[in-house]
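Following the hints, complete the assembly by docking chain B onto the known chain A.
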Amino acid sequence: MSRSNRMFGDNAFNLLKDLQRSSQTIPAFDDDGVRQVLEEIKAIFEENVAQASNYNSSADRSLWPLLNYRHAALQRNKRCLLAYLYERMQRIKAMRWEFGPIIPNDIKPALCEPEVQFFNNYSKSLAAYMRSVGDGQGIDLTGNLRPPKSLYIEVRCVENYGKFELDDGEVVHLRKNSQHYLPRAQVEPLVRQGILQHIT
Amino acid sequence: MSTREIMSDSENVEQAPNEHELSTEADLARAYEGDDDDDEDAEPITAQKVLEILETAWTNEMFAPELLQHQSDMLELMMSQVAHMEEQMKDLDKNDFRYVVHQMELERIRYIMASYLRCRLQKIEAFTQYIINQDATYDAADKRLSPEEAKYAQEFATNVDEYFSKVATRYMPNQQRGEAEQRIVAPNLMSHVFLKANVAVSGVIVGVDDEEVDLTPGSQHIIPYQLVADLIQKNQAKLI
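Residue numbers (full-length UniProt numbering), protein chains in the order written: chain A, 1 to 200; chain B, 1 to 240.
By construction, these hints were calculated from the structure, which means they are not laboratory data. Wrong hints could be hidden among the right ones.
Claimed, not checked - Derived list of chain B stretches under chain A, where covered just means 3 residues or more per stretch with a C-beta under 8 Å from a C-beta of chain A: (1) 103 to 112; (2) 118 to 128; (3) 154 to 164.
What the hints assert, rightly or not - When the alpha-carbon atoms are kept at most 35 Å apart in a straight line, the in silico DSBU-like pairs for lysine-lysine are as follows: (4) A:K149 - B:K234; (5) B:K166 - A:K17; (6) A:K163 - B:K90; (7) B:K166 - B:K196; (8) B:K166 - A:K149; (9) B:K143 - A:K93; (10) A:K124 - B:K166; (11) B:K166 - A:K108; (12) B:K90 - A:K149; (13) A:K124 - B:K196; (14) A:K108 - B:K234.
What the hints assert, rightly or not - Across the chosen pairs, the derived CB separations fall in these ranges: (15) A:P147 - B:M89: 51 to 61 Å; (16) A:P147 - B:Q220: 18 to 28 Å; (17) B:Q88 - A:K163: 23 to 33 Å.
Predicted, not measured: the structure shown is a model, and the values here were computed from it. For glycine and all other residues, C-beta sits at the position ideal for the given N, C-alpha and C.
Excised from the complex, chain A in its bound form (with noise of 0.2 Å):
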């Protein structure tokens, strides 16, 4: 890595670059930038206060725009850096709404220790939430997701998912590429799932 081109503050955001430029729904955890970014933190804030005492002592002006300068660019790299968790926090909690409570395997070696706790944590306490509702009847918040146009969708099967049975207790084959009318409200999740396709 050359010194002569970086500035301060690259790596911060950089990472937040990747982040956005990403097509996947979330992508690795940037362990490398991260540490990057934090290091870069302490370094400067090193320097800083080593010279903030020399500036005390001294009542050297000069000093005091380089101060400031390097302030800036520690308060950067901190915004970037949580930008870049919080954006991170955000496609994880998407993720809980779209998939429920369990991390999908192909999902999972992109997170780091401490964001799969945050989802477990977070799935925990919406679905705590969700139970308490309306005094203990409890509404599931993530069906639902659309307004409802009519009772009753076509769907097609994506894959073989075997039997299914609905409410009232019949047992309907999803078999690949089969097509059926079911009652929409119970065929959300499975659509979500991928497993059926809504065909119109």
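For chain B alone, kept in the frame of chain A given last:
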């Protein structure tokens, strides 16, 4: 509760804005009365009323930049109503036209309730700390958060803090950590909203130079939210 009533609900509201002059407390009292004595005649009207209140709360919540007062009571009533209706519908023939229509109606109501609560959760997650701080300043009677939501908000705040500290903030130099108050996100209360007056309100101050406007019933306006927040609260106007 007949389907026609629900289907044409939005039109009803538009034709008869005066109905909204009834304050929410009065509605609440009546709704509870209807719930207590199982009067067959009274129930359809009250259920309708509850739905109306919920629908207004829902649209208001959707368009208001800040969190509005919670409606747990109404929500509870509606949920037991829905459960009640489902129970009754079990006896109906699946192919009966009435069954289909009723089922559809329930789906709609469920969507409204779920969407309403989701919208509130989104706001709670976005402005967690701001909302918690604000709520601490209100009296017990007009807390914006329902007890369940308050618990959720608290848990969410701790959860986020923990995550941030584990990944980043605890590796930062000491003096740089204690700036949690800088991270508080507040809603933009001066964002403009579309508003429709339910009743005549005179002398609403708009703009910085104390300009006043009289709202006539049914009239529509675009106005910064904060200036009319109390009208929404008092149900004198609603957001559209």
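Under the criterion that the straight-line Cα-Cα distance not exceed 35 Å, is the pair K124 of chain A, K196 of chain B satisfied? Violated: K124 of chain A and K196 of chain B sit about 40 Å apart, past 35 Å.
Below or equal to 35 Å on CA atoms is what counts here, so check K166 of chain B against K108 of chain A. holds (18 Å)
Holds or violated: K163 of chain A to K90 of chain B, with C-alpha atoms at most 35 Å apart: holds (24 Å)
Do three or more residues from the region 118 to 128 of chain B put their C-beta atoms closer than 8 Å to C-beta atoms of chain A? It holds: at least three residues are needed, and the region 118 to 128 of chain B offers 3 whose Cβ sits within less than 8 Å of chain A.
Is K90 of chain B close enough to K149 of chain A, meaning Cα to Cα at most 35 Å? holds (22 Å)
Is the straight-line distance between the alpha-carbon of K166 of chain B and that of K17 of chain A 35 Å or less? holds (23 Å)
Under 8 Å between beta-carbons, do enough residues of the region 154 to 164 of chain B, three at least, approach chain A for the coverage claim to hold? It holds: at least three residues are needed, and the region 154 to 164 of chain B offers 7 whose Cβ sits within less than 8 Å of chain A.
Measure nothing beyond the straight line between the CA atoms of K124 of chain A and K166 of chain B; if it is 35 Å or shorter, mark the hint as holding. Distance ~19 Å between K124 of chain A and K166 of chain B Cα, so the pair holds.
Do the beta carbons of P147 of chain A and Q220 of chain B sit within 18 to 28 Å of each other? holds (23 Å)
Given the hint that K166 of chain B pairs with K196 of chain B, test it: the Cα-Cα distance must not exceed 35 Å. Judged against 35 Å, a Cα distance of about 47 Å means the pair is violated.
Please work out if K166 of chain B and K149 of chain A have their alpha carbons no farther apart than 35 Å. Outside the cut-off at roughly 45 Å; violated.
K149 of chain A and K234 of chain B: Cα distance at most 35 Å? With a Cα-Cα distance of about 33 Å, the restraint between K149 of chain A and K234 of chain B holds, given a limit of 35 Å.
Hint violations for this structure: numbers 7, 8, 13, 14, 15, all remaining hints satisfied.
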